[in-house]
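Colleague: First to last, the sequence lines map onto chains A and B.
The numbering of the first sequence is numbering that gives the first Met the number 0, which starts it at 0 and goes up by one.
The numbering of the second sequence is numbering that gives the first Met the number 0, which starts it at 0 and goes up by one.
Honestly, the hints are just simulated from the structure, not real lab data.
Since the model is a prediction, treat every value here as computed from it, not as a measurement.
Even for Gly, the Cβ is constructed at its ideal location relative to N, Cα and C.
Worth double-checking, as some hints may not be accurate.
Quick list of simulated restraints, FRET-style, between CB atoms [stated by the list, open to error]:
{"id": "1", "chain 1": "A", "residue 1": "G160", "chain 2": "B", "residue 2": "G53", "range": "15 to 25 Å"}
{"id": "2", "chain 1": "A", "residue 1": "G171", "chain 2": "B", "residue 2": "K206", "range": "29 to 39 Å"}
{"id": "3", "chain 1": "B", "residue 1": "S406", "chain 2": "A", "residue 2": "V14", "range": "51 to 61 Å"}
{"id": "4", "chain 1": "A", "residue 1": "G171", "chain 2": "B", "residue 2": "P539", "range": "37 to 47 Å"}
{"id": "5", "chain 1": "B", "residue 1": "A186", "chain 2": "A", "residue 2": "A49", "range": "21 to 31 Å"}
{"id": "6", "chain 1": "B", "residue 1": "D55", "chain 2": "A", "residue 2": "V107", "range": "28 to 38 Å"}
{"id": "7", "chain 1": "B", "residue 1": "T106", "chain 2": "A", "residue 2": "L291", "range": "19 to 29 Å"}
{"id": "8", "chain 1": "B", "residue 1": "A314", "chain 2": "A", "residue 2": "A92", "range": "33 to 43 Å"}
{"id": "9", "chain 1": "A", "residue 1": "S238", "chain 2": "B", "residue 2": "D390", "range": "33 to 43 Å"}
Here are some chain B residues pointing at chain A (derived, C-beta under 7 Å) [unchecked claim]:
{"id": "10", "residue": "D54"}
{"id": "11", "residue": "H230"}
{"id": "12", "residue": "M256"}
{"id": "13", "residue": "A261"}
{"id": "14", "residue": "G270"}
{"id": "15", "residue": "E476"}
The lines below spell out each chain.
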Amino acid sequence: MARGVLKRLAEIAVVLFVVSVGTFALVDLTPGDPAITVLGEGHTPAEYAALREEMGLNDPFLVRYGSWLGSALQGDLGASLIPPNSDVAERIAAALPVSAEVAVLGLVMALVVSVPLAMWSAYHADGRVDRIISAGTFGVLSVPSFLAGLLIIMVFSNQLGWFPRAEWVRLGEGLGGNLYHAFLPALTIALAETAMFTRILRGDLITTLQEDFILAAKAKGMPAARVLFSDALRPSSFSLITLLGISLGRLIGSTVIVEYLFALPGMGTLIIGSADKGDFPMVQGAVLVIALIYVLANALIDLSYGYLDPRIRRAHV
Amino acid sequence: MKPRNTTWLRPAAGLLVVAALTAACTSSPGGKNTAAPGQTTKPSPSTYQVGMIGDDSGGEPVKGGTLTFGAYAEAAVLDPAQTIVAGSTGGLEMAAIYDVLMRWDSTAGEVKPQLAKGLEAGDGYKKWTLTLRDGVTFSDGTPLNAKAVKWSLDRYVEKGADEARLWKDNVASVETPDDSTVVFTLAKKWPTFAYMLTTGPGMIVAKSSDDGGTFTPVGAGAFTFGTYAPHEETVLNARADYWDGRPNLDKIRVIYMTDPNALLDTLRSGGAQAAFFRDPALIDKALGDGFHGYMNLVALGNVGVINASEGRPGADPRVRQALFHAIKPEVIYQRSYNGAGVASNEVFPDFSRWHTDNASLAYDPDKARELLKQAKADGFDGKITYLGRQDPSARATALAIKSMLESVGFQVELDLVRAVADQITKVAVNKDYDVAGWGISWREAGPYGRMFATLHSKGNLSVGMHTGPEMDALIDEFQVAETEDEQRAIMGRIQKQWNTDVPALVYGPTPEFLAWQKNVHGVEGSVNSMILLDDAWIAPAG
Numbered sequence: 000m001a002r003g004v005l006k007r008l009a010e011i012a013v014v015l016f017v018v019s020v021g022t023f024a025l026v027d028l029t030p031g032d033p034a035i036t037v038l039g040e041g042h043t044p045a046e047y048a049a050l051r052e053e054m055g056l057n058d059p060f061l062v063r064y065g066s067w068l069g070s071a072l073q074g075d076l077g078a079s080l081i082p083p084n085s086d087v088a089e090r091i092a093a094a095l096p097v098s099a100e101v102a103v104l105g106l107v108m109a110l111v112v113s114v115p116l117a118m119w120s121a122y123h124a125d126g127r128v129d130r131i132i133s134a135g136t137f138g139v140l141s142v143p144s145f146l147a148g149l150l151i152i153m154v155f156s157n158q159l160g161w162f163p164r165a166e167w168v169r170l171g172e173g174l175g176g177n178l179y180h181a182f183l184p185a186l187t188i189a190l191a192e193t194a195m196f197t198r199i200l201r202g203d204l205i206t207t208l209q210e211d212f213i214l215a216a217k218a219k220g221m222p223a224a225r226v227l228f229s230d231a232l233r234p235s236s237f238s239l240i241t242l243l244g245i246s247l248g249r250l251i252g253s254t255v256i257v258e259y260l261f262a263l264p265g266m267g268t269l270i271i272g273s274a275d276k277g278d279f280p281m282v283q284g285a286v287l288v289i290a291l292i293y294v295l296a297n298a299l300i301d302l303s304y305g306y307l308d309p310r311i312r313r314a315h316v
Numbered sequence: 000m001k002p003r004n005t006t007w008l009r010p011a012a013g014l015l016v017v018a019a020l021t022a023a024c025t026s027s028p029g030g031k032n033t034a035a036p037g038q039t040t041k042p043s044p045s046t047y048q049v050g051m052i053g054d055d056s057g058g059e060p061v062k063g064g065t066l067t068f069g070a071y072a073e074a075a076v077l078d079p080a081q082t083i084v085a086g087s088t089g090g091l092e093m094a095a096i097y098d099v100l101m102r103w104d105s106t107a108g109e110v111k112p113q114l115a116k117g118l119e120a121g122d123g124y125k126k127w128t129l130t131l132r133d134g135v136t137f138s139d140g141t142p143l144n145a146k147a148v149k150w151s152l153d154r155y156v157e158k159g160a161d162e163a164r165l166w167k168d169n170v171a172s173v174e175t176p177d178d179s180t181v182v183f184t185l186a187k188k189w190p191t192f193a194y195m196l197t198t199g200p201g202m203i204v205a206k207s208s209d210d211g212g213t214f215t216p217v218g219a220g221a222f223t224f225g226t227y228a229p230h231e232e233t234v235l236n237a238r239a240d241y242w243d244g245r246p247n248l249d250k251i252r253v254i255y256m257t258d259p260n261a262l263l264d265t266l267r268s269g270g271a272q273a274a275f276f277r278d279p280a281l282i283d284k285a286l287g288d289g290f291h292g293y294m295n296l297v298a299l300g301n302v303g304v305i306n307a308s309e310g311r312p313g314a315d316p317r318v319r320q321a322l323f324h325a326i327k328p329e330v331i332y333q334r335s336y337n338g339a340g341v342a343s344n345e346v347f348p349d350f351s352r353w354h355t356d357n358a359s360l361a362y363d364p365d366k367a368r369e370l371l372k373q374a375k376a377d378g379f380d381g382k383i384t385y386l387g388r389q390d391p392s393a394r395a396t397a398l399a400i401k402s403m404l405e406s407v408g409f410q411v412e413l414d415l416v417r418a419v420a421d422q423i424t425k426v427a428v429n430k431d432y433d434v435a436g437w438g439i440s441w442r443e444a445g446p447y448g449r450m451f452a453t454l455h456s457k458g459n460l461s462v463g464m465h466t467g468p469e470m471d472a473l474i475d476e477f478q479v480a481e482t483e484d485e486q487r488a489i490m491g492r493i494q495k496q497w498n499t500d501v502p503a504l505v506y507g508p509t510p511e512f513l514a515w516q517k518n519v520h521g522v523e524g525s526v527n528s529m530i531l532l533d534d535a536w537i538a539p540a541g
């Protein structure tokens, strides 16, 4: 068990190292000069050269990467290159909860809707309702998130006026206000996830419902709800759980469109804004944190398989 | 039992949903359909005037409340010595924190004392005496006296601020004979010197701002800096010991949104009481919605600068003139902003107090072809590179220019860059362009500073445009002109010189509209699209 954990930790370290080198190289190759961002249009060549030197932009790639990595290993992700030169860790600490909250809320909403839908659909496979659900999920999956977001804004904010279009209220300022402002972005995320979860779970449930132990349970006269919840759901959840882990990591870093539409101060906004200005310590730190969350979430998902299926747990012992 | 074939149902549902959503979303990205009766209507061109829009009579001021303002862009550094001092770059926050020694009264059209008690000219406009009010303090409790003013001005110049070079070249000395007097001795006559104290130099920073090596905004304004959350908000708190009494508002909350459509929606829904817009299409919508506000039009805000450096096509004046004759600004505004805004190729169009009867070069494709033919006969290959941004309106502008120039015989290659920093690097640092989308931005209230910086041969923002002794002389003449009539006459001659030199293609002025709800009162407009909120108040709803 301990060896397995150590092996997994080593894998995580390798992934993070590769991600950090790759990100550093990509940011370095991206057009844009932070010195220009700081100086603006009116400056002398001497001022420009001095600032580049001061910011360490003239150092070779490996020197800059080595310096960053050394600090990062000691928990110091550095400071932004752009005034007011905020601490990278502080900026991430402010942005991460926003993205994480919207992503988690979106996933919870998706699960709450998709699990009953998938169960109904699978239990009445090829029935009228199943076909409507299948067509609906297919339709929702065809809609890009920016279009879904715009439609949600038009209906719930502009036409009905039930929810605000933008603005963010932090959790510390009150749970009610926070959830009220987070609802539309979470709903935008939930739409596509619901469709995906429903389709995945429905497929797995249909397979499980054809297993002998389910047929035996049915033959004993057990109610449909009990068969579905007690016997069929757990063994059918592998794909869903895997997808859930991937989605959580993906959503935290990639809800740029949702964050843009709803003016959320999350990780997507932070990364895009920083990349635009050539603020590589900020991009580097943010990507590293997202990568860390991603691999940890997937490691947890791997561990959860053991609890879903005792055969896997026994295989690791 | 015959299996039912339902494979058509899923793709059909998908297509149906996409089609329905696309149709629904084509009304407007902001949400409301602008064509809906009784809602947004297209403003008349006469609305595009510098000054206040809407009736401000709201009765007795009400104390309390928070004014939420949607900024045009996030201002991370509120130091007037380190950023451009304008409404689009944190000017509202800085004016609230530092106040301004003098302010531009947009209604009266003149400069008036604000934080200062008075400013008197002497020695034929070569000496200016600033008198300070008694008992004014910074929010840290230290006195705002003559020495504090001098320290702040020295700091402004030392840090190489936006107008530092102009200040350095013109202000020979700053003396402080007593605590409430500052005497400026100028290198030459400058009748409009007072404008300098309405912007960055007029925002006096307290010494304690630089304590501890990290800048903290401390000033003598009506509000103090509260908190700053990146990408979210800056909060300013009312100051009880402001020299003119505690402001009516308790707080100002400046919020940041990357999507200006979201900002307009937030203003419409009441999530913000005020907001800053520069996109002509959105300004049209805000005006159509009936918001009150302060409108500013920045002359030469939307231009294509022509690189006249040696070896560039623009070094030949015939090529520059051919380019100008080939461009019809209305086409650009139609393509980029659905016809909203003010399209004009004049330096100062007729909205401006600097407008004269001296017209710009006309749109004349035949003349453009003729001039291009002459240049080609002397070896020019007709190839031009146009540098622009990749955002939708800049891209549409670039495509419109390409089509107009190619219709008269130019071969145009587009070089569209992603970020502002890339554009600045190519245009201002490396001067690696032939024609580039840009903003020269001559300000309506006091245009001299930008005129000097952008078109004078000693200016630091000419970015490769043609400069010459004739234009230098006119700009110098403008600086020493004593009356507005004299200045306007010189501006007319500058337009004529522009027609000869053609330093840039002119598409139109940039509108800047600070819109606010009808229950917001007491806002004062100032230079560079800044507003002062020390007397602002919000009337209760209903």
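Colleague: Each hint: holds or not?
Modeller: Taking the hints in turn, this is what the structure says about them:
At about 24 Å, the CB distance of A/G160 to B/G53 agrees with the hint of 15 to 25 Å. Hint check: A/G171 to B/K206, Cβ distance near 34 Å, so the stated range 29 to 39 Å holds. For B/S406 paired with A/V14, a C-beta distance near 55 Å keeps the hint of 51 to 61 Å intact. Separation of A/G171 from B/P539 is about 28 Å and departs from the stated range, judged on CB atoms against 37 to 47 Å.
At roughly 28 Å, the beta carbons of B/A186 and A/A49 sit within the given window of 21 to 31 Å. For the pair B/D55 and A/V107, the beta carbons lie near 48 Å from each other, so the given range of 28 to 38 Å is not met. Between B/T106 and A/L291 the Cβ separation comes to about 57 Å, which falls outside the hinted range of 19 to 29 Å. Separation of B/A314 from A/A92 is about 53 Å and departs from the stated range, judged on CB atoms against 33 to 43 Å.
For the pair A/S238 and B/D390, the beta carbons lie near 41 Å from each other, so the given range of 33 to 43 Å is met. For the restraint placing B/D54 at the interface with chain A, the shortest Cβ-Cβ distance is roughly 26 Å, beyond the 7 Å limit, so the hint is violated. The beta carbon of B/H230 comes within 4 Å of a beta carbon in chain A, closer than 7 Å, and the hint placing it at the interface holds. Among the interface hints, the one on B/M256 holds; its C-beta lies about 4 Å from the nearest C-beta in chain A, closer than the 7 Å criterion.
Taking 7 Å as the C-beta contact cut-off toward chain A, the hint placing B/A261 at the interface holds, the least distance being around 4 Å. About 5 Å separates the beta-carbon of B/G270 from the nearest beta-carbon of chain A, less than 7 Å, and the hint is met. With a cut of 7 Å, the hint placing B/E476 at the interface with chain A is violated, because the nearest CB-to-CB distance is about 24 Å.
Of the hints listed earlier, those the structure fails to meet are numbers 4, 6, 7, 8, 10 and 15, in rising order.
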